[in-house]
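Could you build all of it, start to finish, from the sequences and the hints given here?
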Amino acid sequence: MFLSVFDMFKVGVGPSSSHTMGPMVAGARFLETLRAAPFHAHGLKASLHGSLAFTGVGHATDRATILGLAGFLPDTYDNDKAEATLAAIQETRSIVLPDLGALQFDPNTDLKFDFGPALEGHANGMILMATDAQGDVILQETYYSIGGGFILTAEELASGGDTDDGPAVPYPFQSAVEMLQMAKASGLSIAEMKRKNEISRGCNDSLDRGIARIWEVMNDCITRGMARDGILPGGLNVRRRAKSIFDQLEAERGMNLTAPHTINDWMSVYAMAVNEENAAGGQVVTAPTNGAAGVVPAVIRYWLDHVPGASAQKIPDFLLTAAAIGGLVKYNASISGAEAGCQAEVGSASAMGAAGLCAVMGGTPEQVENAAEIALEHHLGMTCDPVKGLVQVPCIERNGLGAIKAVSSASLALRGDGHHFVPLDSVIETMRQTGHDMHEKYKETSLGGLAVNIPNC
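Numbering (the working numbering), first residue to last: 1 to 457.
Treat the hints as calculated values from the structure; they're not laboratory data.
By construction, the Cβ of each residue, glycine as well, lies at the ideal position given by its N, Cα and C atoms.
Do not rely on the hints blindly, as some may be mistaken.
Claimed, not checked - BS3-like mimics (lysine-lysine), calculated; alpha carbons at most 30 Å apart, straight line: (1) 196 <-> 243; (2) 196 <-> 184; (3) 184 <-> 314; (4) 112 <-> 441; (5) 112 <-> 81; (6) 45 <-> 388; (7) 388 <-> 243; (8) 441 <-> 81; (9) 196 <-> 112; (10) 314 <-> 388; (11) 45 <-> 314; (12) 196 <-> 45; (13) 243 <-> 184; (14) 196 <-> 81; (15) 388 <-> 112.
Stated by the list, open to error - What follows is a set of in silico ranges between Cβ atoms, one per label pair, in the way DEER data are often shown: (16) 308 <-> 247: 22 to 32 Å; (17) 113 <-> 177: 38 to 48 Å; (18) 436 <-> 75: 23 to 33 Å; (19) 204 <-> 312: 13 to 23 Å; (20) 309 <-> 256: 42 to 52 Å; (21) 247 <-> 309: 23 to 33 Å; (22) 311 <-> 196: 14 to 24 Å; (23) 417 <-> 311: 18 to 28 Å; (24) 204 <-> 76: 16 to 26 Å; (25) 227 <-> 76: 37 to 47 Å; (26) 75 <-> 196: 17 to 27 Å; (27) 380 <-> 450: 13 to 23 Å; (28) 212 <-> 244: 28 to 38 Å; (29) 263 <-> 185: 48 to 58 Å.
Written out as structure tokens, the structure is:
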């Protein structure tokens, strides 16, 4: 199964890739199905299940579903247009689409949160329906948001996921062992193999332009987050902190009064800036998810701003390497907090960041694999228990610590020769098993952990 760098890094909108971006994409996909139907629909309905129901309001899942049914997509999202569209739908109780006409839809009654058992296929399930003039369902599709903005229909999930009909790639590694074997046999780095795989599916120029855009959006997100203060939406009254921390760090520059560990504050502030923007519904890049969107850009920014010899020309190698590791985790385990807890989100992001940093600092493929293994191993068992279902507490700080672990993991790996006791493949499988055994209340349902032990109003 080929997973592109643009599958792992997608431009989108906060606060959640699985709970916001995924449902929006599902709504847009349903419209495509409806357009191909041999009949005319009169109305639309939707029901949210499992984690999409339990934390849907905090993750803006209802809003995203409606916008998806109105034709919005995450990568072209316009907030002003979205607000106007939502207001019009609320007023007219209908969704107007140029090619489908006015479809009856009352946000208060036609979108339901089902707090019963999750649908059979995945913790993030939703059912979208089209109705006739009598209100009878004439078209229905079940979608699963499986993490990172990826969407599968029930049929696609049952058949093993998305089909890959593209041409064969030159380095089709599906495990870390295969990746290292191919790197040794070819003499190529992980980034070079990943680049050749990408080029075999497209154009080299478009690959470089796309990667440049990914980093531009990431970096802009850091910059915006460090310039904005105020209270984050959602009702927890969480205050933005990235700007204050950044201002303090800037004031301390050159004073020779700061402790060496202050570098951790720089890593944290870059990550927190991104996740505060995500929590506010801003534009972010899934890396590999929105809830973990701050880790990879924070590690890149740390490298560029604080590591001697760093060069922006190596950013493609960083992101290609990170995407290769993220693809292994997604293919062999999960990047979904609702499926495997936060070990699958921040843990995966930390492994990706560690691998990318190790690569651009001259690490061998074996050292890169070791860096990813260290980072993921030390996130095993991490729960996803967002307070009030918002991607704020503990998510924002957790990205900062994920970035610090990524840098530490890369540094440790570079001190060795690539030989180590625990293989990355074993850690990925352990994460999968741990996620399977983890109680549902700790997997993005806000029914356990910090979500019930911290007052949320």
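Review point. Do the alpha carbons of residue 196 and residue 112 lie within 30 Å of each other, as the hint requires?
Key: violated, 46 Å
Point to revise | Restraint status (C-alpha distance of residue 45 to residue 314 at most 30 Å) | key: violated, 47 Å
Exercise for review: Mind checking the hinted window 14 to 24 Å against the Cβ distance between residue 311 and residue 196?
Suggested key: holds, 22 Å
Check your understanding: Given the proposed pairing of residue 388 with residue 243, does the C-alpha separation stay at or below 30 Å?
Key -> Status holds; Cα separation ~24 Å.
Review point. Between residue 196 and residue 184, is the straight-line Cα distance small enough, at 30 Å or below?
Key: holds, 16 Å
Exercise for review: Please test the hint of 13 to 23 Å on the beta carbon pair from residue 380 and residue 450.
Suggested key: holds, 18 Å
Check your understanding: Cβ-Cβ distance between residue 204 and residue 312: within 13 to 23 Å?
Key -> At 18 Å between Cβs, range holds.
Exercise for review: Just tell me: holds or violated, for the beta carbon distance of residue 113 and residue 177 against 38 to 48 Å?
Suggested key: holds, 43 Å
Practice item. Could you grab the alpha-carbon distance between residue 243 and residue 184 and see if it respects the 30 Å cut-off? Key: violated, 45 Å
Check your understanding: Is the hinted range of 42 to 52 Å satisfied by the C-beta distance from residue 309 to residue 256?
Key -> violated, 23 Å
Practice item. For the pair supplied as a hint, residue 184 and residue 314, confirm whether the alpha-carbon distance does not exceed 30 Å. Key: Measuring from Cα to Cα gives roughly 21 Å; hence the hint holds.
Point to revise | residue 314 paired with residue 388 [C-alpha distance capped at 30 Å] | key: With Cα atoms ~40 Å apart, residue 314 and residue 388 exceed 30 Å; violated.
In terms of the numbered hints stated before, the structure departs from hints 1, 8, 9, 10, 11, 12, 13, 14, 20, 25, 29, listed from lowest to highest.
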